[in-house]
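Colleague: Protein chains in written order, with the working numbering: chain S, 358 to 635; chain G, 37 to 361.
Please note: incorrect hints may appear among the correct ones.
Chain S is nowhere near these chain G residues, computed Cβ spacing over 12 Å in every case [what the hints assert, rightly or not]:
(1) 42
(2) 49
(3) 57
(4) 105
(5) 116
(6) 136
(7) 150
(8) 162
(9) 177
(10) 183
(11) 209
(12) 257
(13) 275
(14) 295
(15) 323
Stretch-level coverage of chain G by chain S, calculated; a stretch enters the list once three of its residues show a Cβ under 8 Å from a Cβ in chain S [said to hold, decoys possible]:
(16) 117 to 123
(17) 186 to 199
(18) 213 to 220
(19) 263 to 273
No lab work stands behind these hints, which were simulated from the structure alone.
Just so you know, these numbers come straight off a predicted model, no measurement behind them.
A virtual CB, placed ideally from N, CA and C, is assigned to each residue, including glycine.
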Amino acid sequence: MKFFQRYAKNYGALLGLGILIVVAAVALAAPLLFPVSPWQSVGDPLLAPSEDPAFPLGTDMLGRDIAAGLAYGARVSLLIGLISTAVAVLIGVSIGALAGYYGGRTDDVLMRFTEFFQTIPAFAMAIVLVAIFNPSITSITLAIAIVSWPPVARLVRGEFLSLRSREFVQAAVVIGQSGPRIMLTQILPNVVSPIIVTASLMVATAILTESSLSFLGLGDRNMMSWGFMIGAARTMLREAWWMSVFPGVAILLTVLAINLIGEGLNDAMNPHLRGRKG
Amino acid sequence: MKSLDFVFQRLLKAAFVVLGVVILNFLLIHMAPGDPASVLAGEAGAGDAKYIAQLRAQFGLDQPLYQQLWTYLRGAATGDLGFSYRNQLPVMTLILDRLPATLLLTGCAFVFSLVLGILLGVVAAYRRGSVTDSVVMTGALVFYATPLFWVALMAVLVFSLHLDWLPPFDMETIGSGYTGWARALDIGHHLILPTVTLGLFFTAIYTRLTRASMLEVMSLDFVKTARAKGVPQAQIIRRHVLRNAILPVFTFASMQAGQLVGGAVLTETVFAWPGIGRLMFDALLQRDYPVLLGVFLVTAAVVVFVNLISDLLYRFVDPRIEAAS
């Protein structure tokens, strides 16, 4: 069966893909849909949704368009979610591969290192990192990557450990291929699908973390983000519910969509594990 | 003797993690852009030469790096995490003052989410494929994807501002002068919203986990045997399935202490709950780095301690773990 056909058997996964495509399209088209910066006042302050047809989702206390904020916020969420996950996967795969392939002392040291990062409270550490290195898109992305790579390392290590003793790897050793080459060309291709599944779920967590950081005021000051919008809406909770409700729904839908996609990928890539994941 | 070795090993490991966090804190201060003293002083001590001088002395910033690390380690070992200029109090005093509130909140949220999550997971697994199952699992999926701070805000919006059922802020009614039971009730009343909002995210995780674990055990041969013997279904679920299925849930839950603390930062921020999470948020606003790093260190230490205890408990509760290791 073709990969997509297997994927499409999971309706939730299809729904997730649909939502994500919409969010991504809005993110990409944000400058076209809303040519004016989302930080700019464009209307009367605190317009309720549909009070003025020009602002279907209303405006905030400074007359900024909530819909524009959502569109630009989608860019930040997706960007940080994807890049931080990519960095985390890179770190996790490197460490896990070295530990699993070489074993012994290397494995011990690298796994203690991994355990250390897995034990310390991730979100608190992300807060400290971003605060000390000043909030910027780079520091936020790196902080999220630094707190989220350990599961990848453990996963990759386990796979490498078990594949290392398989015959095709032994054969490559015998014909004199170098360690790094074996890791990259022989073993890694066999580990790609579990990595993709894990990574897709990590994007969702990364987006939640990013929104939490910017809610606490640790967002990039130059970029509108959903978490920041909710943080700014806190004091206006009673007066303007729409300021906090819509960005929250945006986060919820995006994260939900990515989680659904992750489960769909899991079912499609590991058919024998279907329905067993918690 | 083997058990004693195990205990010793775990203690050593825990000590190393805490030591690692202290060193990490130290490195962060030095890796931060700018002069460590002025970074530490931040906006809190901006322009105050006396405070910067005090920080220099505290960290020995004019000495070689290894000497500075030693000074810092020695301080941390004796509970000296520096001084908060903003609050005019030692960091440790501030943290110890706030810690009980956080332990109360996270403890309640932990119990709430574990009990509700297992309950829902069992029901969903028992009625697999039913409407109840779909509703529970959809709910779990949604709450797993919802940002905690937003759930908290929505809860305030609905239950405090609109329905006026529950207090939106603080841990007790300010100036009420309640004592004894009245005070406990008052705190309990304030505890409901933060506990539920912090707990729901974890409830979602435990529900999914319990259901998956239950279904896995239900497909095992010994369950079929019990069924073939004619053991009533309810008894199979309770005595045979749940007992086996619950262990992975507990294992996972015991590793969630760090996540729970992270959630507490957000929950306490929204509900103005006077714990260390709120302290961390205030420290962020004031750029009070000694407090920020101190809270980080203490939360890490608490998490390590909780992991240690649960590790040790398992070892003695479930004999299979000892056999397996």
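Colleague: Name the hints, by number, that the structure is in violation of.
Modeller: Hints 2, 3, 9, 10, 14, 15, 16, 18, 19 not satisfied by this model.
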